[in-house]
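Please construct the entire structure, taking both the sequences and the accompanying hints into account.
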Amino acid sequence: ETGVTQTPRHLVMGMTNKKSLKCEQHLGHNAMYWYKQSAKKPLELMFVYSLEERVENNSVPSRFSPECPNSSHLFLHLHTLQPEDSALYLCASSQTGTSVLTDTQYFGPGTRLTVL
Amino acid sequence: LAKTTQPISMDSYEGQEVNITCSHNNIATNDYITWYQQFPSQGPRFIIQGYKTKVTNEVASLFIPADRKSSTLSLPRVSLSDTAVYYCLVGDLSSNTGKLIFGQGTTLQVKP
Numbered sequence: 017e018t019g020v021t022q023t024p025r026h027l028v029m030g031m032t033n034k035k036s037l038k039c040e041q042h043l044g045h046n047a048m049y050w051y052k053q054s055a056k057k058p059l060e061l062m063f064v065y066s067l068e069e070r071v072e073n074n075s076v077p078s079r080f081s082p083e084c085p086n087s088s089h090l091f092l093h094l095h096t097l098q099p100e101d102s103a104l105y106l107c108a109s110s111q112t113g114t115s116v117l118t119d120t121q122y123f124g125p126g127t128r129l130t131v132l
Numbered sequence: 099l100a101k102t103t104q105p106i107s108m109d110s111y112e113g114q115e116v117n118i119t120c121s122h123n124n125i126a127t128n129d130y131i132t133w134y135q136q137f138p139s140q141g142p143r144f145i146i147q148g149y150k151t152k153v154t155n156e157v158a159s160l161f162i163p164a165d166r167k168s169s170t171l172s173l174p175r176v177s178l179s180d181t182a183v184y185y186c187l188v189g190d191l192s193s194n195t196g197k198l199i200f201g202q203g204t205t206l207q208v209k210p
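First to last, the sequence lines map onto chains A and B. When we follow our numbering, the leftmost residue of the first sequence carries the number 17, and every step to the right adds one. When we follow our numbering, the leftmost residue of the second sequence carries the number 99, and every step to the right adds one.
Because the hints were derived from the structure by calculation, they are not lab data. The model shown is predicted, which means the values in this text are computed figures rather than measured ones. Be a bit skeptical, because a hint or two may be false.
Here are the computed lysine-lysine pairs in the BS3-like style, where the Cα-Cα straight-line distance is at most 27 Å [said to hold, decoys possible]:
1) B:K101 <-> B:K167
2) A:K56 <-> B:K152
3) B:K152 <-> A:K57
4) A:K57 <-> A:K34
5) A:K56 <-> B:K101
6) B:K152 <-> B:K167
7) A:K35 <-> A:K56
8) B:K209 <-> A:K57
9) A:K56 <-> A:K38
10) B:K167 <-> B:K150
11) B:K101 <-> B:K150
12) B:K152 <-> B:K101
13) A:K38 <-> A:K57
14) A:K57 <-> B:K101
Put into structure tokens, the structure is as follows:
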């Protein structure tokens, strides 16, 4: 238990569906992240929020839309996805979001997404 | 961030010490070295971090030679539950965003 929870743990959706992934952190951190991990590929950073402001968008297609209403919650809204978007989506949080690696990131368990 | 190179996979047996080496020839002066562990269908978990020489915690040791172009993660007396993917990362503390760039990692298989 890392203090970062994600729901749902598994999601199957069609290409025309709209769904949202939710992440919540109970650590009092002020930075949150979305990562994508495809099969047999390294983790890819998607978005970074620091103090509820998006500070990084790593060239992610617009069919992925993040939302950070407060420092404890992070959403990833999904719309018109493609089968190649099937992956494990991981949320993480850290204390400051400004110091790359001494600022340890705590990951949630991930949402396994399958797009049909 | 500096690129890292690790072995794709390693095998070990329970009770043995495992050493995983990471090469980072282009490491910069400000870069720290960090290792994460990831179990299947879980997010990565921070293991250890260092800048030079040796760092030890309750889980592992990290050895960094003087030139800092490589580092070795040492896991003492591994058990079956240490079977996981281990990632080596290097990064610049002066970066203004918390960006982690993961490589392929090393898949450690611990056998009975």
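Here is how each hint holds up against the structure:
no. : hint              : result
1   : B:K101 <-> B:K167 : holds (11 Å)
2   : A:K56 <-> B:K152  : violated (31 Å)
3   : B:K152 <-> A:K57  : violated (30 Å)
4   : A:K57 <-> A:K34   : holds (26 Å)
5   : A:K56 <-> B:K101  : holds (18 Å)
6   : B:K152 <-> B:K167 : holds (14 Å)
7   : A:K35 <-> A:K56   : holds (25 Å)
8   : B:K209 <-> A:K57  : holds (24 Å)
9   : A:K56 <-> A:K38   : holds (24 Å)
10  : B:K167 <-> B:K150 : holds (10 Å)
11  : B:K101 <-> B:K150 : holds (18 Å)
12  : B:K152 <-> B:K101 : holds (21 Å)
13  : A:K38 <-> A:K57   : holds (23 Å)
14  : A:K57 <-> B:K101  : holds (15 Å)
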